[in-house]
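Based on the sequences and whatever the hints tell you, model everything.
If you're matching them up, the sequences are chains A and B in order.
Quick note on numbering that gives the first Met the number 0: the first sequence kicks off at 0 and runs consecutively.
Quick note on numbering that gives the first Met the number 0: the second sequence kicks off at 0 and runs consecutively.
If you're looking for bench data, these hints aren't it; they were derived computationally from the structure.
Check before you lean on any hint, since a few could be wrong.
Unchecked claim - When the alpha-carbon atoms are kept at most 35 angstroms apart in a straight line, the in silico DSBU-like pairs for lysine-lysine are as follows:
{"no.": "1", "chain 1": "A", "residue 1": "Lys15", "chain 2": "B", "residue 2": "Lys163"}
{"no.": "2", "chain 1": "A", "residue 1": "Lys89", "chain 2": "B", "residue 2": "Lys32"}
{"no.": "3", "chain 1": "A", "residue 1": "Lys11", "chain 2": "B", "residue 2": "Lys32"}
{"no.": "4", "chain 1": "A", "residue 1": "Lys1", "chain 2": "A", "residue 2": "Lys122"}
{"no.": "5", "chain 1": "A", "residue 1": "Lys91", "chain 2": "B", "residue 2": "Lys60"}
{"no.": "6", "chain 1": "B", "residue 1": "Lys60", "chain 2": "B", "residue 2": "Lys32"}
{"no.": "7", "chain 1": "A", "residue 1": "Lys11", "chain 2": "B", "residue 2": "Lys163"}
{"no.": "8", "chain 1": "A", "residue 1": "Lys91", "chain 2": "B", "residue 2": "Lys58"}
{"no.": "9", "chain 1": "A", "residue 1": "Lys122", "chain 2": "A", "residue 2": "Lys11"}
{"no.": "10", "chain 1": "A", "residue 1": "Lys191", "chain 2": "A", "residue 2": "Lys2"}
{"no.": "11", "chain 1": "A", "residue 1": "Lys89", "chain 2": "B", "residue 2": "Lys92"}
{"no.": "12", "chain 1": "A", "residue 1": "Lys2", "chain 2": "B", "residue 2": "Lys163"}
{"no.": "13", "chain 1": "B", "residue 1": "Lys92", "chain 2": "B", "residue 2": "Lys32"}
{"no.": "14", "chain 1": "A", "residue 1": "Lys97", "chain 2": "A", "residue 2": "Lys11"}
{"no.": "15", "chain 1": "A", "residue 1": "Lys191", "chain 2": "B", "residue 2": "Lys60"}
{"no.": "16", "chain 1": "A", "residue 1": "Lys97", "chain 2": "A", "residue 2": "Lys62"}
{"no.": "17", "chain 1": "A", "residue 1": "Lys1", "chain 2": "B", "residue 2": "Lys60"}
{"no.": "18", "chain 1": "B", "residue 1": "Lys91", "chain 2": "A", "residue 2": "Lys62"}
{"no.": "19", "chain 1": "A", "residue 1": "Lys195", "chain 2": "B", "residue 2": "Lys32"}
{"no.": "20", "chain 1": "A", "residue 1": "Lys122", "chain 2": "A", "residue 2": "Lys195"}
{"no.": "21", "chain 1": "A", "residue 1": "Lys191", "chain 2": "A", "residue 2": "Lys15"}
{"no.": "22", "chain 1": "A", "residue 1": "Lys62", "chain 2": "A", "residue 2": "Lys196"}
{"no.": "23", "chain 1": "B", "residue 1": "Lys32", "chain 2": "B", "residue 2": "Lys91"}
{"no.": "24", "chain 1": "B", "residue 1": "Lys163", "chain 2": "A", "residue 2": "Lys196"}
{"no.": "25", "chain 1": "B", "residue 1": "Lys163", "chain 2": "A", "residue 2": "Lys191"}
{"no.": "26", "chain 1": "B", "residue 1": "Lys58", "chain 2": "A", "residue 2": "Lys97"}
{"no.": "27", "chain 1": "B", "residue 1": "Lys60", "chain 2": "A", "residue 2": "Lys97"}
{"no.": "28", "chain 1": "A", "residue 1": "Lys15", "chain 2": "A", "residue 2": "Lys1"}
{"no.": "29", "chain 1": "B", "residue 1": "Lys92", "chain 2": "B", "residue 2": "Lys58"}
{"no.": "30", "chain 1": "B", "residue 1": "Lys91", "chain 2": "A", "residue 2": "Lys122"}
{"no.": "31", "chain 1": "A", "residue 1": "Lys195", "chain 2": "B", "residue 2": "Lys163"}
{"no.": "32", "chain 1": "A", "residue 1": "Lys191", "chain 2": "A", "residue 2": "Lys11"}
{"no.": "33", "chain 1": "A", "residue 1": "Lys196", "chain 2": "B", "residue 2": "Lys32"}
{"no.": "34", "chain 1": "A", "residue 1": "Lys191", "chain 2": "A", "residue 2": "Lys122"}
{"no.": "35", "chain 1": "B", "residue 1": "Lys32", "chain 2": "A", "residue 2": "Lys15"}
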Amino acid sequence: MKKGSASYEFVKGLWKENPVLVMLLGMCPTLAVSNSAINGVAMGLAVIFVLVMSSLIVSAIRKLIPSEVRIPSFIVVIATFVTMTDLFFKAKYPDISKALGPFIPLIIVNCIILARQEAFASKNSIGLSFVDALGMGLGFTWVLFLLGSIREILGFGTWFGHRVLGSWFHPLIVMILPPGAFITLGVLVGLKNMIKKES
Amino acid sequence: MSLLIIIIATVLVNNFVLSYFLGICPFLGVSGKASSAIGMGFAVTFVMTLTAAITWLIKYKVLLPFHLPFLEYVSFILVIASLVQFVEMFLKKSVPGLYRALGIYLPLITTNCAILGMALLGSLRHYNFIENLVFGFGAGIGFTLALVIMAGIREELEFADVPKPLQGAGITLILAGLLALAFMGFSGMISGG
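And the structure:
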C-alpha cells in the first residue's frame, strides 16, 4: 500500500498510527467511559460520527478558512456536531447518555478530532479526509471496545450485560474503578509495543 | 461549610485527573519534570478560576434568559479559547514576570479537556456563582497536585530498570493507576461530593 492511496489512509488508523495506542490521543474518554463494553462502543460510534462529519466539512471549506483563525473555526464545526450527537443520545438513549455524562460534550476537546482536522482534513481532498476519519474513528473504537470488554469481564464477570464467567468468579471491583482503567491501558500500550518490535 | 466540602471533594476525593480522567494529555506530556509540572499547574488553576466565573455568567445571564441552552457547548469552548488568548496578551504586557513563568503552557491549555470538563460539570451541578468559583479553583489545585506528585515519581523513575515495551507511556499509565488507587483512600471522607 502506498502513502496517499485511499486504502493506506484508511488502514493506518487501525494499527500503525492508532490514535490511542500509538499517538496517545483522546485519553480522557478512553479511560473514563471504558468501564463496560457497551459504553465503549457507544462512545466510539459518537466519535466516528463527529470525526467523519467534521472532516467532511473542514475539508470542503479548507480553502475558505484563513489560516490565522483555523483552530477556532475547526472547534466551532466540531462543537456543532457534538451538540447534535448529545441531543440525539439524550432523546433516543437516555440511559447511555446518563452513563457517559459530560464525556459526550467533552468530545469537543478530544484531541483526536482536532488533530485530524489540523493534520489531515485541512490539507487533503474530501474523499481522502473521509477515509482517514473513518479509519481513525474505527481505530479509536476497537481499542475502546477491547478496553471496555476486558474491564467489564474482569470487574463484573459480564459482557454486554450477560454473565460470561461462572459463579466461581470473584469480580475484581478495582477493574471498573479509575485505577483499573489506567493499569489496563498501560498494559495494552506495552503489549502493542511488544508486538510491533517482533514484526 | 459547604464551600470547604467542595474544595476537599474536588482536590482529593474526586481528583480531576485521577478519578474523572480530565486533563490526561498534559498529565502524560508535561509531568516529566517537577518544575514544568508546577508551572503548568498554576497556569491551569489561574485559567480555570477565570473560566468558572465567566461560564457561569454566560450560562445564567445570557443563555438561559434568552432560551439558548443548546449553544452552551459552542459558547463555552469559544470563551475558553479567547480567554486563554486574552490572558496571554494581558500577562505579556502587564505582568511580564508571570508571563515568562507561565507563557509556554498557556497555548496548551485551550485543548486541555480539564477546563471544559470543569465548566460542564459545574453547569450540570447547578452551583451558585461563589460555589462555581470555588469549584474551578479546587479543580485546578487538584490537577496541580496530581501533576506534581506524578512528576516527582517520574524523576525517580529515570533510574529504574523498566521492561522495554513498557518504557514511556506504558509505565506512566500504570503508575497513574497506582496513584489513583492511593487517592481512592480519600473516597470515604465525603459522601456525594
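Hint check:
1. Simply put, Lys15 (chain A) and Lys163 (chain B) have alpha-carbon atoms about 19 angstroms apart, close enough for the 35 angstroms limit, and the pair holds.
2. A hinted pair counts as satisfied when its Cα atoms are at most 35 angstroms apart, and Lys89 (chain A) with Lys32 (chain B) does not qualify at roughly 42 angstroms.
3. Using a Cα cut-off of 35 angstroms, the hinted pair Lys11 (chain A) and Lys32 (chain B) holds, with the two alpha carbons roughly 32 angstroms apart.
4. For the hint linking Lys1 (chain A) to Lys122 (chain A), the alpha-carbon distance of about 18 angstroms falls within 35 angstroms, and the restraint holds.
5. A C-alpha spacing of about 30 angstroms is found between Lys91 (chain A) and Lys60 (chain B), which places the hinted pair at or below 35 angstroms, so the restraint holds.
6. Restraint check: the Cα-Cα separation between Lys60 (chain B) and Lys32 (chain B) comes to about 41 angstroms, which exceeds 35 angstroms; the hinted pair is violated.
7. As the CA atoms of Lys11 (chain A) and Lys163 (chain B) are separated by approximately 24 angstroms, the hinted pair is consistent with the 35 angstroms bound.
8. Proposed proximity of Lys91 (chain A) and Lys58 (chain B) is supported: the alpha carbons are some 25 angstroms apart, at most 35 angstroms.
9. With a CA separation close to 17 angstroms, the supplied pair Lys122 (chain A) and Lys11 (chain A) stays within the 35 angstroms bound.
10. Distance check on the hinted pair: Lys191 (chain A) and Lys2 (chain A) sit about 22 angstroms apart at the alpha-carbon level, within 35 angstroms; holds.
11. The hinted pair formed by Lys89 (chain A) and Lys92 (chain B) fails the criterion: a straight-line CA distance of about 45 angstroms is larger than 35 angstroms.
12. For the hint linking Lys2 (chain A) to Lys163 (chain B), the alpha-carbon distance of about 29 angstroms falls within 35 angstroms, and the restraint holds.
13. At roughly 28 angstroms between alpha-carbon atoms, Lys92 (chain B) and Lys32 (chain B) fall within 35 angstroms of each other, so this suggested pair holds.
14. A distance of roughly 33 angstroms separates the Cα atoms of Lys97 (chain A) and Lys11 (chain A); the hinted pair therefore holds under the 35 angstroms criterion.
15. Distance check on the hinted pair: Lys191 (chain A) and Lys60 (chain B) sit about 49 angstroms apart at the alpha-carbon level, beyond 35 angstroms; violated.
16. For the given pair, Lys97 (chain A) sits about 39 angstroms from Lys62 (chain A) by alpha-carbon distance, which is inconsistent with the 35 angstroms threshold.
17. Annotation: proposed proximity of Lys1 (chain A) to Lys60 (chain B) is violated, straight-line Cα distance about 54 angstroms (limit 35 angstroms).
18. About 33 angstroms separates the Cα atoms of Lys91 (chain B) and Lys62 (chain A), which keeps this hinted pair within 35 angstroms; it holds.
19. At most 35 angstroms may separate the alpha-carbon atoms for a hinted pair to count; Lys195 (chain A) and Lys32 (chain B) meet this at roughly 29 angstroms.
20. A threshold of 35 angstroms between alpha carbons decides the hint, and for Lys122 (chain A) with Lys195 (chain A) the separation of about 29 angstroms falls inside it, so the pair holds.
21. Our distance criterion of 35 angstroms between C-alpha atoms is met by Lys191 (chain A) and Lys15 (chain A), whose separation comes to about 10 angstroms.
22. Simply put, Lys62 (chain A) and Lys196 (chain A) have alpha-carbon atoms about 41 angstroms apart, too far for the 35 angstroms limit, and the pair is violated.
23. For the suggested pair Lys32 (chain B) and Lys91 (chain B), the alpha carbons sit about 24 angstroms apart, so the restraint of at most 35 angstroms is met.
24. In summary, the hint linking Lys163 (chain B) to Lys196 (chain A) is supported, as the alpha carbons are separated by about 10 angstroms, within the 35 angstroms threshold.
25. Our distance criterion of 35 angstroms between C-alpha atoms is met by Lys163 (chain B) and Lys191 (chain A), whose separation comes to about 12 angstroms.
26. Under the criterion of a C-alpha separation no larger than 35 angstroms, the hint pairing Lys58 (chain B) with Lys97 (chain A) is consistent with the structure, at around 21 angstroms.
27. This hinted pair checks out: Lys60 (chain B) and Lys97 (chain A) have alpha carbons roughly 26 angstroms apart, not beyond 35 angstroms.
28. The hinted pair formed by Lys15 (chain A) and Lys1 (chain A) meets the criterion: a straight-line CA distance of about 14 angstroms does not exceed 35 angstroms.
29. Note on Lys92 (chain B) and Lys58 (chain B): the hinted pairing holds, with a Cα-Cα distance of about 30 angstroms set against a maximum of 35 angstroms.
30. For the given pair, Lys91 (chain B) sits about 33 angstroms from Lys122 (chain A) by alpha-carbon distance, which is consistent with the 35 angstroms threshold.
31. Between Lys195 (chain A) and Lys163 (chain B) the CA atoms are separated by roughly 12 angstroms; this keeps the pair inside 35 angstroms, and the hint holds.
32. Annotation: proposed proximity of Lys191 (chain A) to Lys11 (chain A) holds, straight-line Cα distance about 15 angstroms (limit 35 angstroms).
33. For the hint linking Lys196 (chain A) to Lys32 (chain B), the alpha-carbon distance of about 28 angstroms falls within 35 angstroms, and the restraint holds.
34. With a C-alpha separation of about 30 angstroms, the suggested pair Lys191 (chain A) and Lys122 (chain A) falls inside the 35 angstroms cut-off, and the hint holds.
35. Taking the CA atoms of Lys32 (chain B) and Lys15 (chain A), the gap is about 29 angstroms. The hint holds against a cut of 35 angstroms.
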